[in-house]
Structure formats: structure tokens, C-alpha cells
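J.: Each chain, letter by letter, is given below.
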Amino acid sequence: MNNAASAVPVASAPPLKRSNTYLVEGGQTLASWLLTTDHKRIGLLYLFSILFYFTIAAVAAALMRLELITPPGDVVSSETYNKLFTIHGTLMVWFFLIPSIPAVLGNFVIPMMLGAKDVAFPKLNLLSWYLFNLGGLLATYAVAFGGVDTGWTFYTPYSSTYSNSNVITMAAGIFIAGFGTILTGLNFIITVHKLRAPGLTWFRLPLFIWSLYSTSVIMVLATPVLAMTLALMALERIWGLGVFDPKLGGDPVLFQHLFWFYSHPAVYIMILPGMGVVSELVTCFSRKPIFGYHFVAGASVAIAILGFLVWGHHMFVSGQSVFAGLVFSFLSYMVAVPSAIKVFNWTMTMHRGSISLATPMLYALGFIGLFTIGGLTGLFLAALGFDVHVTDTYFVVAHFHYIMVGGMVTAFMGGLHYWWPKITGRLYPEKLGQLAALIMYIGFNLTFFPQFVVGYLGMPRRYHAYAPEFQVYNVLSSAGASILGVGYLLPLIYFLWSVKYGKRAPDNPWNATGLEWQTPSPPPKHNFENIPRVDKMPYDYSPEAEERMVHG
Amino acid sequence: MAEARSDLAEQFVEMPQQREASVLGMWTFLSTEILFFGAMFMAYITYRTIYPGAFAEASKHTIVLYGTLNTAILLTSSLTMVLAVHAAQENRSNWVVRHLLFTILLAVAFLVIKGLEYHQDLSEHLWPGPHFKPGLPPQAQIFWFLYWSMTGLHALHVTVGIGLLSVMTWMARRGRFSALYYNPLDVAALYWHFVDVVWIFLYPLLYLINRSS
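Chains S and L are the protein sequences, given in the same order.
The first sequence begins at 1190 in my numbering and counts up one residue at a time.
The second sequence begins at 12 in my numbering and counts up one residue at a time.
Some hints could be false.
[As the list claims (entries may be wrong)] Among the chain S residues that face chain L by a calculated CB cut under 10 Å, a handful are: (1) T1226; (2) V1308; (3) H1382; (4) D1434.
Hint data in this document are derived by calculation from the structure and do not stem from the laboratory.
Note that this is a predicted model, so its numbers are computed, not measured.
All residues carry an ideal CB built from backbone N, CA and C; glycine is no exception.
Chain L on its own, in the form it takes in the complex (with noise of 0.2 Å):
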């Protein structure tokens, strides 16, 4: 218990009340972060609308290999978070160090993948502006413009999180984490989720529109 103690930080009175602090706090930053990207989906619909032809015709260029095997691969990495995160509640440290390398591991592996898609896009000439890939509507670079601000700001969120995950790790690793006390863990589990979330959006939107046509 003395252990415990020590984590209880001065302005609060017990611990399952700093517990709530943290994981609201984290729930409200999460709608922060959804107004955020918010601004951008709203920009998204409305060309969309506007639109259709020339978006569907854009998206048919995004590299949708690339997209699918990184859908499974941030799919998965949330789930070896949600083992870690367990893995704490049963006071197994061993394994919440296992599987947040795990996860670390995938979230790099999602950043490598993107950067090839991203250097095949670039080789393609489908960054906006006067080397613009010619036969394509000018609208198409609108799509292309959102798709390289959208996935840009989600792969940043994905390198703050391997940030927030190596940080993590390390605390395991010393033996911070138990079944009494695992806030931080829990709090970086919620904003993973939600980065995997955003993406679970940002694949069909950019990458399967009118794809069987």
C-alpha cells in the first residue's frame, strides 16, 4: 500500500478519484482531438458533395494495398494495447512490456508502410500544385490536398503516440504499473484507440470510394 500512496499526487484525496481525473481529462482532450480533425472532415463532406465525380476519380489513385494492410496493422496494435492494459490489471508486468513493444512495433511498422505509400504517391505526381499529375479534374486536387493534410496529421498522431507508448514502456519496464495503479497506461490506451479510430474513418473516405465501379 505504502507503494500506492506515492502515486497519489498532492491535490487529490484517494486514488480512485485522481484514477477518474485522469481518464476524464483524457476524454475530454479525445473531443478536443475530435473537433480537431473535425474541421477537416467538414471541408472533406462538403467537396465531397460538391464534387463526387472528381473526388471518386482522385481516390481511385490512392494505393489501396497500402491502405487495407495498414488498416490491419493499427487494428491490431490496438489490441496488443488492450492486452497491455490487462496485462496490468493482473499484475503481470512482464507481459505489459511484451505487448506494448508489440504495439510500439506496429505503430512503426504502420509509419514505414506509409512512407512507401507516400513515396509512390510523390513518384506519381499527386502532390497539388503545378507538377499536378495532368488528365485529372482540378477538384482532384482538393481530394489530394485533404488526403496528404489528413493522413499527414494522423501520422503525426501516430508518432506521438509511439512517443507516449516508448514512455510508457519504460515505466513498465521499472515496475511502475499494478493492479493498484496503472493510470498513465490506461489514459495512453484511450488516445491509441482513438488514433486508430480516426483512421478507421480516414480509410473508406479516402481510399474506397466507388472503388467497384
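Looking at chain S on its own, in the form it has when it is part of the complex (with noise of 0.2 Å):
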């Protein structure tokens, strides 16, 4: 019985080194990790992977502020800072943030939750990475051999007939690397449906397993329509015409619509997961079942459903019908209310509970904090009046960065440090770790705080050079850049460093529930020596149970 085995109090042995873990077992050579079909192994591959992206996007991001530290366009050209701003948008999107939390974080630990031994398509998982990584690599070249001007949006009919940059080569890259996501998702939706481990209800799967269903459900439905979107672009590029071409009777609105209808539920890729990670480290460091469990997990699919429905609230100014404006203004206020009972039942989860302010709590708390920034200023994006004030400025980049980095980054970060000793055997260092998120909190919000304020204020965004009466908030904008790059450095060296010198991790160092935790770490090739049976619902940290934790 998992439940039983908590109670032992193995955690308190200093635990030995073992050979029976998935690094050692399987192989220790390079051609046993790019041949690997372990779901923990192709987690961590997908790790690497998103951390050679998330640079480059990052160097793209700090040459940007340093541009916009004084008014007048002096550091790059108009022309570079286009690319830079596509670089930073593309990459961070496509090659970051999607993967972000679903590939390496759910890779590793889905099948772990559900008491399963791998994936339900191993092989298929293999072949997601590398889909993933031929697009991305193709990406790159696209940006580092002559770049992309476009922005991450490639809106018709500059993308597809005025651009002299590497459009098709970008798209290219990204319609493959949509195929692996595709595959990623389609992967999760039969594992969690298919691979439970006996007594593993619906209504006692952790709340991270409905936010994952939830998104691979986005990803298999809405990137098909995304890699054909783009794919008719492309075509339109190489054939001097196509459907949306404005001369033959063609409308460059409907690619808008078309590329909306992928990127607003993409957009929920990049939350939901985050939700779901802060689900589990909120219960878990407050010591309390989760409040409202069955309102958690029924707003992860209810936020899925509604994101297909409000893609029209990027276009307010496009040239759609007012009525169409009023009923996606009205359909975009309706996600408020699956985002607000999750940040309520958080708030409730925390009340009266036993706090401890570890560092994968200081990043949900962080979460909370920012997301609901995030989410109240997108309700002030749904209003169709104060949308048209602010479209296209600053004030839209803030909000997207407060939900993006503020809210699924952070999520990442403490979900990272969270599986952090079960993905490595080793503890990172606690004091240093608080530090880094209390670095990347304060960091984050200069950062992106006065983009409200200048956006208000009517600064455009994607211009290289401004008007000298906004240089205020941008000087604080990229102060605020500098310290959060030293918020994701300092993680980057401790990681590393606490893979040698670490000291080795427990089974379970949290004292956590999740039967990711009922296994030793790092868990053996095939997770559990056996296939754990669940009797009871998630986050079991009653008093008893605490009791028992205790002594034993």
C-alpha cells in the first residue's frame, strides 16, 4: 500500500547510492540517452533543449532593453530590432514555453502519478523530441541566417509577399516542431486515460494531471490549425498568390483569424500547465488538501473549452463586426471565472494551513501574486473600449509577460525545485534557492510594472527608438531585466553545481502525497518495483496523516 509506505520512515536512513536508477540503468553512454524511450530520460532531453532556446531568446530580449534605455534608436537598426523582437517572440513561444512545463516536467512525472511504468507511446515520445528539435534547430538557422522580421504573429500580407527574411525556413520549423507537440499531447491524453494504476480514479488523479489533460487536449486540437495556417502562408509566399492574397479577392483577416484560433488556446498551453503545478505545491506546503478539488480540476477544462471560443479579442481592431467584438469581449470575461475559482480555492488551501516557505512555495506564492495581475489587467484587454485605447502598446506586453514569465516561468521554476531531488537524487540548496526566487520576484516586477504604466501612456510597442518622455519607465524596465537575468542565473549555477555536490535527497523530502514521492529517488527505469493501488483521494495531509509522517 503507497499510503503505508509514506508511513515508513525511510526517509530518515541516509540514503546510499544506487545503481538501480534510470541514469545508471539503461545505459550510461550518449547513444542510450538519444535512443532512450524513458519518459524520465526524454523529460530531461527536453530540459537541454529548452534551456539552448531560452538563451538565445534571452540574449534577444536583453538586447532589446539595452536598445530602449535612451529614446533615440542608437544601439541596433530598425531593421535588426524587428528580428530581435520576432527572435525573442518565436523562440520563448515555441520553443520555450510550450515545451516549458508539459515536456519536461509532465514527461517526467505524469506517468510517476499515475503509477505507471512509461507513457502510453514511448517511441512516439522519442520521436516528439526529435520532431521538436529538427524544428527548432531549423528555427534557429532561419534567425542566425539572415533572421525573421516578421514577429512571432506573421500577419498576411507583410509575411507572406513584403518580407525579404526567412519566413518560409521559420514556419517550416515551426509546423514540425508542431508536429512533436501534437504528438506530446496525444501521448498524455491515452497515458492518463489508459495507464492508471488500479483505484486510480478520475476524481483521484492530482490536480497537475487535469491541467496536462486539459492542455494536450489544446495541443492536439488547436496546432493542426496553426501548422496549416502557416503552411498556406508559406505557399502563398512561394507561389506569388494564394487565399489570402487582398488581389485576387483574398482576406488578410481571415489568416488573423485562422492563426487566432491556434494562438489564443496556445496561449493556455502556457498557463494552465502552471496552474497545475501550483496546485500541487500550494496543498503540499500548506499541508492541506487542496480546497474545492472537484472546482479545481472542472476550471483546467473549462478554461481548455473556453480558450477555443475567444480568439476574436486579438482582433478588436482588425475590421470584425461590432457584434462579433461584443460577443468575444463577453466570452473573454467568462475565463475570469475558472482563473478566479482557482486563485480563490489556492487562497483557501493556504488558509489555516502550515505554512512553510520553501522555495518551491515562494514561486507559487509568486504565482498567485502575479497571475492574478496578469489575468485582472486581461479582463481590462476583454473590454472593447479600453482594448482599442491600448492596442499594439506596452500595456498588452506587460499583461501577456505577467501570465507568461510571471506566471508560467515562475510555475516552472518552483516545480523544477520541487521534483528537483526525485529528477536528480540531490537537494539544491534551500537558502540559495529562496534567494534566486526572491531575486526573480523583485526582478520580474520592475521589469514589467512600468510597461503598464508606459503603455497607458500611449508608448507603441515593436519601435526601437521613443519618445524621450517615456525613458523613465524604460531605463527602470531594463534595470528590472538585469536583475531578473541574475533571478535565472543563479538557479542555472546551484542546479548544476547540487548534481555533484549536492546532498543526496530522500524517497520523499517534502513529505508529499503524490505517488511520484512513493518511489526512490531517482526512480528506477520502470518507476515503482510495484504498480502502487490508490484507495484515497489526492493530498491526503490530514492531521493523522501528518501525525504518522512525524513519528513514524
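Two chains, each in its own frame: build the complex with the hints.
T.: Dropping the structure here:
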């Protein structure tokens, strides 16, 4: 019984070096990693890959912030600046954020949370990684040799007719990587349906699974539309004419509809997994069951469904009918309901909990605050009148960075710290971890809060020069970005350090209840010695269970 | 039974679980495919609604004989595919191979006819661009852009299907399928029916606009 296992004080004995871990079993050669079908190893392969793309995209962001310290365009030309924000947008969205929590943490923990030996289709899982990197390398090639200047949205007719940059190579990269994403989503869906341990019913699933399941549905249903839209755009570019071509009676706004039909749900690919991580962290570090389990689980599904119905709010100024605008505005407000349910339920979970401020919890708290700001400003933008005022200003930039960086990246860091002992079998230095979380929080707010103000005052996005009265906000923002940079470098350094020098981690360092903690750290190749049975709700942090935990 | 056990991949506990997983996996993949084609159908619906006249006129230049012939061929190939699965369920491996070969033959016939049709379309200057057939409204080029992209993508799927069915034939010849284990065949059949269903939508939309008038 798994709950009995957690009560046995295995954690108190110092863990010994074992050879039956997934890091040793199955070989330690490079080929054994590149040809692995072990979901845990594939998760790590994704971690290294996204770090590579993140670094390129972060350097592009740093150069932009450098340019924006002074009002005139003095560091880079306007053309180079266009290429920089395109690098930043495309790589961060498709090659960092979308795979971040799902493909790294999801791959690593989903099968373990389900009590399974692997995902449903392990070879397909490896294929996903190769497709992802083939796409990623094409995209890297496109930006390294010539660049792309369309922005990550590829609006026609600029992308299909006028841009003199590597649009087709970039589109091909995203197209191919998209199939990697689809196959990952497919794998997770089938795994959750078919590989749950005995007794693990749908309403005993951890909330991380619910959010990743919802994410996977979006991946499977939205990504193909993007693939086809980019293909049509590329065909139009090659052919010299096409379906979005006004010369023939085509409509460029159709491109925007199709693009946002994918890209708005994709925004939820970039936040739902973060919500899943936070649900795990808040319960564990408050030592309380989640408040309103069914509502939090249902909210994930609701967000996934509503996400498909709100794309028009990106197009309030693109020439859609007033009626369509009103409907999309209303539906966008609806998204606030499940999002608020989550925030309130996390808060209620903490209420009268026994809260410990370990590093993962600091990130979870940061997430709740930053997501709330990002979400509420999202409501501003869903309002037709206000949106018209701030369209294409830094207000929008600040809003989605609060969601994507303040939300998703913060949750990713929280999850990475939380599962790091399981992944590597080592503990990271706790004090440094807390310090880095704090630095990141301060740096993030200093970078992006001034952008709300400057955007509201009317500074447009995507220009390398700006009016002098905006300078003070931009200097604040650039200063914040450098602090944020330190906040990212610090974990990179101590994580690497901990792999060799960190203290050996016990099997369950957080005394958490999830199945992934009821197996050794790092886990054996097939995760469990015996397939666990589940007979209770997740997050069983009852006072009695705590008592057992403490007294053995 | 020893044979059946070796077909069980290590991540599964029992055969029914593996079979359900692969079938559900293919259905999920097909839902992706529907949305993949869906973007094109959306473009088609949009422009046909805006330019009904131009689309009807452009559609009259498609070769309805070839289209109809191919519809019949593809529908028949779905039948032979079902028969192959059925033969596997009844342990008649010889018939699995025969039905699969017949399915492949029909698929190849489809592509050959499609090739003849493409050739004739090209000789009538129905390729959109500066040399497009004169006398048609400009929006007719959008129709033909969609015609080439949609049938081209479909033909690509037929080609992939031929590859898939060839692998199935090879596996069937080696006696891999039985009433106890025919997962891959079942999943390949699902894919093949999907290719057929897409054509059932393409045929009226592209070939049969206002044919009676």
C-alpha cells in the first residue's frame, strides 16, 4: 500500500548510492540517451533543449532592453530590432514556453503520478523530441542566417508578400515542431486514459494531471490549425498568390482568424500547466488538502474549452463586426470565472494551513500574485473600449508577460525545484533557492510593471525608438531585466552544482502524498518496484497523516 | 498464448489495455487531422460564401468523370480494408494479405487517375498564377489554389496510407496477425477510412457545385 510506504521512516536513514536508477539503468552512453524511450530521460532531453532556445531568446530580449534604455534608436537599426523581437517571440513561445512544463516536468512526473511504468507510446515520445529539435534547429538557422522580421504572429500580407527574410524556413520549423507538440499531447491523453494505476479514478487524479490533460487537448486540437495556417501562408509566399491575397479577392483578416484560433488556446497551453504545478505546491507546503478539488479540476477543463471561443479579442481593431467584438468580449470575460476559482481555492487552501516558505512555495506564492495581476489586466483588455485605447502598446506586452513569465516561468521554476530531488536524487541549496526566487520576483516586477504605465500613456510596442518622456519607465524596465537575468542565472549555477555536490535527497523530502514520491529518488527505470494501488483522494494532508509522518 | 504475450509492450499490463490505447491513440490523431484539414475547409467555406458565382464557375472546369471514378475506387478500398480486418479476426491470414493487396492496388489506381487529372488540369492552365486560364473571374484562382492544396494534401495522405498498408501486408505475410492480436491492422484501417472520409467531403465541394445549372 502506498500510504503505508509513506509512513515508514525510510526518509530518516541516509540514502545510499544505488545503481538501479533510471540514470544508470539502460546505459550511460550518449547513444543510450539519444535513443532512450524512458519518459524520465526524455524529460531531461527536453530540459536541455529548451535551455538552449531560452538562452538565444533571452539574449535577444537583453539586446532589446539595451536598445530601449535611451529614446533614440542608437544600438541597433530598426530592421535588426524587428528581427530581435521576432527571435524573442518565436523561440520563447514555441521552443521554450509551450514545451517547458508539459514536455519537461510533464514527461517526467505524469507516468509516476499515475503509477505507470511509462507513457502509452514511448517511441512516439522520443519521436516528439526529435521533431521538436528538428523544428527548433530550422528556426535557429532562420534567425542566425538572415533573421525573420515579421514578429511571432506572421501577419499577412507582410509575411507572405513583402518581408525579405527567412519566413519560410521559420514557418517550416514551427510546422515541424508543432507535430512534436501534437504527439506529446496525444501521448499524455492516452496515458491518462489508459495507464492509471488500479484504484486511481478520475477524481483521485492529482490536479497537475487534470491541467496537463486539458493542455494536451488544446495541443491536439489547436496546433494542426496553426500548422495549416502557416503552410497556407508559406504556399502563398512561394506561389506568389494565395488565399489571403487581396489582389484575388482574398482576405488577410482570415489569416488572423485562423492564427488566433490556434494562438489564443496556445496562450492557455502556456498557463494551464503552471496552474497544475501551483496546485501541487500550495497543498504540499500548506499541509492541507486542496480546497474544492472538483472545482479546481473542472476549472482546467473549462479554461481549455473557453480558450477556443475567445480568439476574436486579439482582433478588436482588425475590422471585425461590432457584434462579433461584443460576443468575443463577453466570452473573454467568462474565462475570468474558472481562473478566479483557481486563485480563490489556492488562497483558501493556504488559509489556516501550516505554511512553510520553502523555495517551491515562494514560487507558488509569486505565481498567485503575478497571475492575479496578469489576469485582471486581461479583463481590462477584454473590454472593447479600453482595448482599442491600448492595442499594440506596452500595456499588452506587460499583460502577457505577467501571465507567461510571471505565471508560467515562475511555476516552471517552482516545479523544477519541487521535483529536482526526484529528478537528480540531490537536494539544491535551500537558502540560495529562496534568494533566487526573491530576486526573480523583484526583477520581474521592476521589468514589467513600468510597462503597464508606459503602455497606458501610449508607448507603442515593436519600435526601437520612442518619445523622450517615456525614458524613465524604460530605464526602470531595463534595470529590472538585468536583475531578472541574475535571478535566472543563479538557479542554473546551483542546480548544476547540486548534481555533483548537493546533499543526497531522501525519497520524499517534502513529505508529499503524490505517487511520484512513493518511489526512490531517483526512480528506477520502470518507476515502481510494484505497481501501486490507490484508495484515497490526492492531497491527503490530514492531521492524522501528518502525525504518522512525524512519528513514523 | 506465448505468441500473444510477446506482443505486449512493456508499459502495458494486459492486452485489452494495449489495444484500447492504440485505438484511442489513432482516434485522437484523427481529431488532429480533422483540424489540420479544417483550416482549409474554413478558408473554402469563407470564400465560397463571399464569391458563390466565381466558385461555381471555377468548379465547372474540374473533371467530374475522374473525380467520380476516384470516389468509387476509394469507397471500394475502404470495403476491402474492412474485409482485411475481418479476415484477421477470423484467423484467415491468407485473406488478410489478399484484401490488403487489393486495397493497395485501389489506392495506387486512385493516385494514377489523380495524376492523369492533374496533367489535364495543367494543360488547361488551371494552375493559379500569371498564366492562369483567361476568362475566369480572379476569385476562381482562389478556388483553384484550394483545389490544388486540398487534393494535394489528400494525395499525400493516400501515399502515406500506401506505405502504411504495405507494412501491414508485410506483417500479415509473416503471420503477425491473429484473432488475438491485430492492433496495428485495426489502427491502420481507421486511418484509411479517414482518408476516404476526407475525400467524401472534397468530392462534392470541389467537383459538384451547381453542376445541374
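J.: With a cut-off of 10 Å on the beta carbons, see whether S:D1434 makes it to chain L.
T.: holds, 8 Å
J.: Is the shortest C-beta separation between S:V1308 and chain L less than 10 Å?
T.: Holds, about 7 Å.
J.: Restraint: S:T1226 near chain L, CB-CB cut 10 Å. Satisfied or not?
T.: Nearest chain L Cβ about 9 Å off; hint holds.
J.: Should the interface hint for S:H1382 be scored as holding, given a Cβ-Cβ cut-off of 10 Å against chain L?
T.: Where the cut-off is 10 Å and the nearest Cβ of chain L is about 6 Å from S:H1382, the hint holds.
Checked against the numbered hints listed earlier, the structure breaks none of them; every hint is satisfied.
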